[in-house]
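Asks: These are the residues of each chain, in order.
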Amino acid sequence: MISFENLILITLLSPLLVCLLTPLLSSKPILRDILGPLGGIISSWGAIQLMASILNGEQPRLELLQIAEGISISFVVTPLGAIFGLVASVLWIFAAIYSVGYMRGNKEKNQTRFYIFYAMAVHAALCIAYAGDLLTLFIFYEVLTFSTYPLVTHKQNEMAQKAGRLYMSILVGTSVILLLPAIIWVWVVTGSLEMSQNGVLDGKMNPDYAPYLLAMFVFGIGKAALMPIHKWLPAAMVAPTPVSALLHAVAVVKAGVFTMLLILTNVFGIDFLSKTGASNWLVWLASFTLLTTSIIAIYKDDIKARLAYSTISQLSYITLGGALASSMATQGATLHIITHAAGKITLFFVAGAIYVGAKMSKISELNGHGKSMPLIFLAFFVGSLSIIGVPPMGGSWSKFFLMLGAAESGYITVIAVFCISTILNAYYLMEIPARAFFFKKEREVKIKIPILITIPTLITCFLTILLFFFIEPFENLTSIMVSKL
Amino acid sequence: MTDILIKNLPILVVLCPLMMSLIVVLIPNIFLSWLLTFASTFVAFIFSILLYQEVQIHSTISYALGNWAPPLGIEYVIDKVSIFPIIIITLIGFLTTIFSSKMMPDEINETSISKVYSLWLLAIAGLIGLVTTGDAFNLFVFLEISSLASVALVAMGAQKDKQALVAAYNYLIIGAVGATLYVIGVGLLYGITGTLNMADLSERVVDLKNNKALIAGFGFMIVGIMVKAAVFPMHIWLPRAYAYAPSAVSVLLAATATKASLYILARILFSVFDIADNLIINTLSYIILPLSIIAMFAGTIMAVYEKDIKRLLAHSSVAQIGYITLAFAIGTKASVAAGFIHMFNHALIKGALFMAITSISFYIQKRVTLSNLSGLGRAMPITFFCFVICSLSLAGLPLTAGFISKLYLIKASISADGLWIAILILFSSALSVIYLWKMIEALWLQQPRKEIIIKENPTIYISLLIITFLNIYFGLDASFVVDSSTEAAEKLVGVSK
Amino acid sequence: MISSTIGIWNYWIVFLLMMIGLFLVIGRKNFLKKIVGLTIFQTSVFLLYITFGKIKGGTPPILNNAIDTVYSNPLPHVLILTAIVVGVATTALGLSLVLRINSEYGSIEEDEISAQDLVDYHDQIETSKKIDTKFIQ
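Chains as they are written, first to last, in this note's numbering: chain A, 1 to 485; chain B, 1001 to 1497; chain C, 2001 to 2137.
Hints are computed from structural coordinates only; laboratory data are not their basis.
This structure is a prediction, so every number in the text was calculated from the model and none was measured.
Just so you know, even glycine gets a beta-carbon here, dropped at the ideal spot from N, CA and C.
Heads up, some of the hints might be wrong.
[What the hints assert, rightly or not] Derived CB-CB ranges, DEER-like:
{"no.": "1", "chain 1": "C", "residue 1": "Trp-2012", "chain 2": "B", "residue 2": "Val-1206", "range": "25 to 33 Å"}
{"no.": "2", "chain 1": "C", "residue 1": "Lys-2033", "chain 2": "B", "residue 2": "Val-1206", "range": "38 to 46 Å"}
{"no.": "3", "chain 1": "A", "residue 1": "Pro-23", "chain 2": "C", "residue 2": "Glu-2112", "range": "54 to 62 Å"}
{"no.": "4", "chain 1": "B", "residue 1": "Leu-1035", "chain 2": "A", "residue 2": "Arg-104", "range": "54 to 62 Å"}
{"no.": "5", "chain 1": "B", "residue 1": "Ile-1462", "chain 2": "A", "residue 2": "Glu-475", "range": "55 to 63 Å"}
{"no.": "6", "chain 1": "B", "residue 1": "Gln-1365", "chain 2": "C", "residue 2": "Gly-2027", "range": "35 to 43 Å"}
{"no.": "7", "chain 1": "B", "residue 1": "Ile-1236", "chain 2": "C", "residue 2": "Thr-2059", "range": "42 to 50 Å"}
[Stated by the list, open to error] Partial pick of chain A residues on the chain B-facing surface, computed with a CB cut under 10 Å:
{"no.": "8", "residue": "Ala-68"}
{"no.": "9", "residue": "Ile-73"}
{"no.": "10", "residue": "Val-76"}
{"no.": "11", "residue": "Phe-138"}
{"no.": "12", "residue": "Tyr-141"}
{"no.": "13", "residue": "Asn-157"}
{"no.": "14", "residue": "Met-168"}
{"no.": "15", "residue": "Ile-184"}
{"no.": "16", "residue": "Val-189"}
{"no.": "17", "residue": "Pro-392"}
{"no.": "18", "residue": "Leu-404"}
{"no.": "19", "residue": "Ala-407"}
All chains, please: the whole structure from these sequences, using the hints.
Replies: Structural data, given as structure tokens:
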């Protein structure tokens, strides 16, 4: 029986080892490319074990290193963290297989360097998932930003430079100027960097300052892409699609909303939030972001740009859920992390497949190609249904909980917001399979999609359906998360 | 035997480099003079470690020079506060001496090298003496020893670039004016208290609270030290002096010279005068605080527009000195501790960055500017790696030393109800990422049209690797730095008289 | 009032010399004149110290065997000796620097030297751009 501490270590070290071993195998591409999926399998196994332990009522902890008096690097498995950790590790397996197919199919350069930083980014994301205190969270939050820079600027041309600058300036700027002092403020007010299930601020923090502290956190967590801190996400689409798929649909942005939810529940606490009304303004900001980015998405012709804005919109769902300060809404938000991740990664996989296979990146070019790439567009269709929230895809559960939560907190307008955005989602997402299957083909294009791309896409698409039927363990985790101690 | 050694350590740690400098100047052989310098700085470092252990046992060591008892005689004081800069100076001196062995012959003609090493040892001895002494006038003497030696060292850069001469001249004039201002201050204080010993001064000053001569003397002393510590606006000598000095010299100066003066500033503000004194509180909040904030931004903004990398790093030093003085200006125990933490970490960071840049300029045989940094990453991977790590440390990336000092500085300012100060510090720190990122971008995204082949030299990159490793080590295990700084702050600010 | 003002005539001279010295350092463009100014400035400080040492009715501080002698304070004199030595070293270093500057630049006027330096600086930046860099891809 492996101890919990070792389980945490295995799950966290697996991607780090992949990162360190990859340069040694750079001359043997086949071995090097197997490392990624292998590491993903090991991490997923660990993440599943840790999730099971939470369901059994345990709380695994690992104190790694004491930096100085009162500050240390420690890891703990919370229900929220277990979910995010599982999402990141499982989807890493498929993203790793996909990226092998993509990088080879596109004949990209510097593949070894790519895989090194890819694994490092996953490692950082997992460390965020299992972060045991605010400092560890911040440390790996920053490591994630810096390790994804080489991935975003992989192409090393002028566009990459511009995108990279925007990416770093927004993410580093917000985290250094707002997130760090907010964390230290909490440290000064509560005397430690620990978080706890019901929040640590209750009773220690002056309620008048709570909205300002929350604002510092909200705008400091740039990865959650709330307006106006959202510009980095469309800019980061210059990266190769495996990066956009895993990192900017799953790891980086989910790390952002994960941090957001963690702060809202484990630092502020749902009770404190509803008592002080500190997050009321956030409800409106998140709703605004939701709707505005959905509308912007309609006008984007580039597939990845549309998906980027769709991601920003979906992230606002999660932030909105957290801001509603009710247990149902928080549960919905947490479930949305999983369902959106599965759905969005499918959509990005498809976008990459279209680019590699047919060299197309604009939606207007897609007319009539459904017959030549049927499986791909079918996967897109299923993934979109999940994002829109139609049963029997997993996304319907999270939408359901979110709407219940809005009703529970008394925000009826928010339910209207959800409904409007569902309609918008349907419009801009369904356009793609619609064009592919129902429009006439305008030009002939040679299609060649590597098998290593098709398979992961189909698997993740299948996952969205699976999530509908097997939502129960996750639901149980979220109820543990919101239960009062 | 060891007993005598231990008893006389305070003077030995100064004497060792001082005496060796007299010997080294007579030796014409380059390797031998380097070896003696290396031995002497290494021994000084060992002595400082021994002193550290002694200080842990008896918390203050007072050594009377020539057995003349203080307060009439000159006294050397090693306590939990002064041991800190002693360790910084000896450690950096030792590492830089290793680094200099390859760099010196490249930049200075062979007949002068042993004389340069002699000046080198004089500068180090002066700095060590500066922080050990407990007598105000003796401080001036050591201040001038280290300054004059540094001026001469900076001027040696004239072989590569004649701008070093003007830089050295400006350094000399401005530095001499500053030192003389300090002497005026000491004179005024001596005139009203009758003593030069710092501990004795601190007692006698208490009765003289509103004495005009006291305030004037204090003012002169502070301004004089601020000139040496390159606090804005008296920092103008610093950028050119660091930029055009020979490689090893810029590493040594950037890492240690201003730190010693900052330590003296803290001593005068907090030991000689009392923190609770109105005079000090007003000085801190109305003079040093605004100047530090301006320094932070002025230094960073000048660095953003600078194309020559050594000048860029020198401007960045001005900003970092601003952080340290800001920490002192906030005036609480936590903030003074944060100031000391940053003194230590910045010495490591700036030392490492200057080492990396000067090694790059050694390999390509030109001044390094933003344009010719391009693509060198591939050609010199070890240097590039160390450079990136240390830039990230300067930016305050977690897991490096720079982050630790930032963390404690912000915590201290928020605890002292200065959230706006914290935001300003972080804002300027985010701005500093701009110029660091420009350098990293140039290395990552650009490449030269012709391929550059460079063979990295082990002697150079060993000291670079050691100092980079220290950067990461003190980012992961900051207990030594944090604890010593907290003890130092405790001694300075903790007990009010 | 007048007598007290005239009584501290030492300090007036100190003050005058200090200001003259500082003016020369800051206001004059000739490097040599700056050094002269610095020396004057330092000399004023020496006078300041020695004035502090003089005690009303004090004899020069040479030990004699009378019992009731009031000696002037000898310590400032010692301090000033040290400071004079430091001043001499500073002046020597400054003058040798001026000599080198003259041989390298051909002038010891600050504005001419700054103009030359500015041209050199821009030259360095321009020549380094000629390495011809481009984006990797």
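Asks: Next step is simple, just say for each hint if it's right about the structure.
Replies: Do the hints match the structure? See the list:
Between C:Trp-2012 and B:Val-1206 the beta carbons are some 31 Å apart, a value that agrees with the proposed interval 25 to 33 Å. For C:Lys-2033 and B:Val-1206, the Cβ-Cβ distance of about 44 Å falls inside the hinted range of 38 to 46 Å, so the restraint holds. Between A:Pro-23 and C:Glu-2112 the CB atoms are about 55 Å apart, so this pair conforms to the stated range of 54 to 62 Å. Checked against the given bound of 54 to 62 Å, the beta carbons of B:Leu-1035 and A:Arg-104, roughly 56 Å apart, stay inside it.
At roughly 57 Å, the beta-carbon separation of B:Ile-1462 and A:Glu-475 lies within the given 55 to 63 Å, and the hint holds. At roughly 41 Å, the beta carbons of B:Gln-1365 and C:Gly-2027 sit within the given window of 35 to 43 Å. For the hinted restraint 42 to 50 Å between B:Ile-1236 and C:Thr-2059, the CB-CB distance of approximately 47 Å keeps it satisfied. Taking 10 Å as the C-beta contact cut-off toward chain B, the hint placing A:Ala-68 at the interface holds, the least distance being around 4 Å.
Given the 10 Å rule on beta carbons, the hint for A:Ile-73 holds: about 8 Å separates it from the nearest Cβ of chain B. The interface hint given for A:Val-76 is violated, since its Cβ lies 18 Å from the closest Cβ of chain B, which is over the 10 Å cut-off. Using the Cβ-Cβ criterion of 10 Å, the hint placing A:Phe-138 at the interface with chain B is satisfied: the shortest such distance is roughly 6 Å. Interface restraint check for A:Tyr-141: the shortest CB-CB distance to chain B comes to about 8 Å, inside 10 Å, so the restraint holds.
With 10 Å as the threshold, the beta carbon of A:Asn-157 comes within range of chain B, its nearest partner Cβ sitting at about 8 Å, so the hint holds. A cut of 10 Å between beta carbons decides the hint on A:Met-168: the least distance to chain B is about 6 Å, and the hint holds. A least Cβ separation of about 5 Å between A:Ile-184 and chain B falls short of the 10 Å threshold, and the interface hint therefore holds. At its closest, the beta carbon of A:Val-189 sits 9 Å from a beta carbon of chain B; the interface hint therefore holds under the 10 Å criterion.
For A:Pro-392, the interface hint is violated, since its Cβ never comes within 10 Å of a Cβ in chain B; the closest pair sits about 43 Å apart. At a threshold of 10 Å, the smallest CB-CB gap from A:Leu-404 to chain B is about 38 Å, leaving the interface hint violated. Interface restraint check for A:Ala-407: the shortest CB-CB distance to chain B comes to about 38 Å, outside 10 Å, so the restraint is violated.
Consistency note: the structure conflicts with the earlier hints numbered 10, 17, 18, 19.
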